[in-house]
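Student: Residue numbers (my numbering), protein chains in the order written: chain E, 1 to 126; chain A, 127 to 628.
Errors might be hidden in some of the hints.
[Stated by the list, open to error] SDA-like mimics (lysine to any residue), calculated; alpha carbons at most 20 Å apart, straight line: (1) A:Lys248 with E:Glu67; (2) E:Lys106 with A:Arg472; (3) A:Lys193 with E:Leu86; (4) E:Lys70 with A:Met247; (5) A:Lys518 with A:Leu532; (6) A:Lys269 with E:Leu86; (7) E:Lys95 with A:Asp265; (8) E:Lys45 with E:Pro2; (9) A:Lys256 with E:Lys106; (10) E:Lys106 with A:Thr453; (11) E:Lys116 with E:Leu93; (12) A:Lys209 with A:Gly354; (13) A:Lys270 with E:Lys116; (14) E:Lys70 with E:Thr94; (15) A:Lys263 with E:Thr94; (16) E:Lys19 with A:Thr453; (17) A:Lys263 with E:Leu93; (18) A:Lys193 with E:Thr85; (19) E:Lys70 with A:Glu255; (20) A:Lys269 with E:Thr94.
Derived by calculation from the structure, the hints in this document are not laboratory data.
If you want the building blocks of each chain, they are given just below.
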Amino acid sequence: MPIQILVLDDEKIVGERLKASLEKEGHTLEIFINPVAALNRIKEKVFDVVVTDIRMDDVDGIQVLEEVRKKSQKTKVIMITGYATLEVARESLTKGAFDFIAKPFKLKEIRGAIQKAEDALQAEEN
Amino acid sequence: MPIVLISSSPHGSGGELAQNLAKKTGWPLYSRDQVVEKAHETGIKLSRLETSIIKSPVISENLAREKNLYLALVTKTICETAKNGNLVYYGRAGHLLSPGISGLLRVGLGSALEMRIEHAMKQLNLPQEKARDYLEKLDEDIKKWIHYVHREDSQNPLVYDLFLNLQHMSIENATAILYETALLQDFKFTVESQQKMDDKCLAANAKIHLADHIETSGMDLSVRAVNGVVTVTYMPRQEASADHISRALEELSGCRETICTMAETNILWIQESFDPKGKNFDQVTQLAKRWGAAVELLRLDSEGKDRSQIPVMIENQGGSLSLKTDTGGVEDDDADTGYDDKGLARTVEKLVALGRSAGGFPISGAGREVIDAVKDNNNYSLIVLGNLFLSKGNETSTRLTRELGLDLREKLKVPVIASGELHSRFLFGKTQAFKLLGFILTTVLIYWLVFTFQKPILNVLGGDLHSKFKWAASIGVALFVPVVAYVYSTVTGLVLKIIDID
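Bound-form chain A, shown alone (with noise of 0.2 Å):
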């Protein structure tokens, strides 16, 4: 069952070849133009995903549910046109398709920089300079495409299992060597990879249903299958939500079984202003990924400035499929209320991105009020408070800050942590490393003076020594024994925070 993936340069020789290929085994031929056109019909709003790369990459970020769901969607597209067993495949990052499925023949090309120039000159009428210019720009914004869509680095050699450099080969012998490749044994698919691949194209089916279905559309969910069983997990604060899950996957064709399980861990993120590139975010989530937890954010107005606001929950803007509006695709401006969210919204669409995202909401006042917010939701393993009380000055900010983690840890009964010590606390660093060095050197030097010294050690406990001065006995084991114990639990500490277990 050969199924061949080739990523072509555009103006390159890709499309020949898979056509040369296709034509020579009868295998089924599918291109990205198809999956492109394909990804139109079905309402994802790809041109946004493709212009935002050259126009800003800020945007990219706010386009995380189109690129899941363009994967999705190319993911289906393979599974189902090789349901046969064959595929020949071209087009963009081609070979970065399916990624983890072994038994996938996944092909790079490489042609004349000059020969595409001719191609683009003759296809697009423009003149030699502009046509280089084209093809470098236009290799730039592929190089960002991979990036940002694949996470994939466009020269790392080790993705491809072969590299056709088509300067001084013939189409004809290209297609040859694929096809003889293609046959080999490392490229059949095994029952295990079958299974893979199945349980692949059975979750991108499942979010492309909840995606097209209205009630599930806008709701951040993890999508996984195994064997056939479909696993949805949800937020928390979706709870009243859960049953349109399973109604929106009724008619997923494939699925043995599907279950909806809640997120079971939270992170409540408390601050007054958020920044999605600083050093607190990178910190918080990579805690969420370690623990598999989801991040909500409270954005704490603590001078009062939004006691006119309603709290409003931010989450990831679903919206249905189905985008045959009567508006032309030009849409109307959104309220432009001038408020101030203070970063809470990039925030929540970067947590998006990385599937951690429990939505975010503002509040205004201060312990009292953060509880009444947070108390019916309370499923959360840990509170972290970064800059709260900016306002009041440094005393009374880390004062008021020390007073509502009091009052949170006593009230809603979870561990609460001040931003600065997620670091410290959770997190393996270089500190760490040599904190833990120099305690295992005073570790084994404790023990190798009490497995050396033994004679005197026991003379003070329980012989001469001990006789003549009794009280030096207990002193010494009353000091030597927590002090053991200090050092010694410091590194079986950070020996589990290496292992991941806090």
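The shape of chain E in the complex, shown without the other chains (with noise of 0.2 Å):
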């Protein structure tokens, strides 16, 4: 089932990896570095998956997390970032993240915790 993804990351190459595999699968995704537009982005429309970075200028992906539970229950967020601690992974659970991905990581391993949502996202519509 094609899904509908946000990518928030600063760094650009992040979202254009992302963009060039998850489509490949048959998702529509939208890409976004800069924090502000994305929650603007956020705040207008419905998302299956948002995918977002933790560490960025201005906007912190742990304040993602809480506008996307705002906005929607039924999004599945997943936190990627490079400076991940455990207080930190487990705050994102805590507050609702569906997963948490460390980078580096292999694009497989992005592609399984999509997939996973998208299981999840399945199994709550029946």
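Fit chain to chain and form the complex, with the hints in mind.
Tutor: Printed below as a string of structure tokens:
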């Protein structure tokens, strides 16, 4: 089932690489490098999955997670970061993140997490 | 020279206490958060190590290299920050850093969960129940971290010099207690502990240099430093890269001399399939630890399915620390060959984690192919044959394994043993303990009989009985001497095994 995914990472290359890999699976992606612009888009539209970096200038990934939760309980949020600690990972999961992936990661890891999110969405619909 | 290492729970009062102490004394303050930041700058994949604790304990074993580098970095940071003589460090498992060095004050703190919950609620903007759940789960994660990274039980009171319960004590009073304790003679550095600290720092620095050098980053190396002399031990198959080690350590400050030495002892373990959780694995690694040996794995495919595969040595997955790549941390997938390596890679990784890996590789064929594959690297002190020729049926498999063993022993001149005999031949367990006891009793009995009944014995050997039955003495001696020799040698053999002399 193709799903709507928003990817937010202040490194442009991350969005580009995820787009190339996930669009092959039939998913629709919107890529953002500016967290404020991404938050505005999240307020406008309910995405199936949001993939967000944690450490960014101005807004951090936890704030993005909180905004997504305010807008929709259905959206699955996957956190990605190169600066993960147990404390941050546990905080994200407590605040409702669906998954947490530490950088550097292989593309198949993110595809696996998206697949799990997709399965969870389908299970919730049924 | 007080160095105070404070272990603080998340959302406890460790940070506040450490800051107070640093302010009162003027001693430099360093936190784990700063180490984490430094690890990221250095290129250590600490994120993967941290999240693996939550996501999968299996992944943790694959991250042995990151774990060792993280510990080296913490050691180096503590040594460098404390070079003027004082330091207050605080953070997760702070008390377990720089083990084995006396003169450090290792402090544990106990804070009320309710107080920590309140702090987490405020700082993380969480409702009470979520804050409780967050802290309870995080405490569990930290227990696992301590077990995996420091190989220590988080509940062990012996790892602390001082434990303060902050439930009924103000931070000011706790600071005063810490200050007075840190000034005690027991927590002053001696010349010996200073030397140990310097050596630990030097070894840690050497590990980071080697990991940062492109030619040495993937090598399985053991590093130690004694009195400013750094000794790096590498595996025999890495002999060609040995020159790079000296080059990588050329700029190492504080190093008087670098010695590169090749590991002397290797155990070659040949099997069709490997299981790092199996009994054989435990026995082989136990023996490797006793001998200080590295274990090389050879996966033999007797059916020849691997014929098309070029034998590739599986080694520690290194990679230079210079991780500033242009992929943003999103790496391409490994090529999926669909190839089942029968546990070879997992077992090599576990050996790497234990510091006993000499690599591993698959080959197809039987005796001749095995000899061809290992003859150029023959520095083995033992060859262990495990499950082989499994598709051939029990009897044929046993015969072929025996033939392979004889072939290897003859051509390589190395002792060969079946994995099933490892325990009885080289290790000491309950069975061996009972055997030792039985044989000691038999030896004592023989000596007691000989010394108690000397008269009749001498009679048989040279007295009246001897003159009547001359043949009896010859038969008696012929039977008695080998029995005594066997019993006595068994006892000495088992005793030598206990004291690690095989």
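Student: A separate judgement is required for each hint: does it hold in the structure or not?
Tutor: Going down the list of hints, with the structure as the test:
| no. | hint | verdict |
| --- | --- | --- |
| 1 | A:Lys248 with E:Glu67 | holds, 18 Å |
| 2 | E:Lys106 with A:Arg472 | holds, 18 Å |
| 3 | A:Lys193 with E:Leu86 | holds, 14 Å |
| 4 | E:Lys70 with A:Met247 | holds, 18 Å |
| 5 | A:Lys518 with A:Leu532 | holds, 19 Å |
| 6 | A:Lys269 with E:Leu86 | holds, 11 Å |
| 7 | E:Lys95 with A:Asp265 | holds, 17 Å |
| 8 | E:Lys45 with E:Pro2 | holds, 17 Å |
| 9 | A:Lys256 with E:Lys106 | violated, 32 Å |
| 10 | E:Lys106 with A:Thr453 | holds, 11 Å |
| 11 | E:Lys116 with E:Leu93 | holds, 15 Å |
| 12 | A:Lys209 with A:Gly354 | holds, 16 Å |
| 13 | A:Lys270 with E:Lys116 | violated, 26 Å |
| 14 | E:Lys70 with E:Thr94 | holds, 15 Å |
| 15 | A:Lys263 with E:Thr94 | holds, 9 Å |
| 16 | E:Lys19 with A:Thr453 | holds, 13 Å |
| 17 | A:Lys263 with E:Leu93 | holds, 10 Å |
| 18 | A:Lys193 with E:Thr85 | holds, 14 Å |
| 19 | E:Lys70 with A:Glu255 | holds, 19 Å |
| 20 | A:Lys269 with E:Thr94 | holds, 18 Å |
Violated hints for the displayed structure, listed by number in ascending order: 9, 13.
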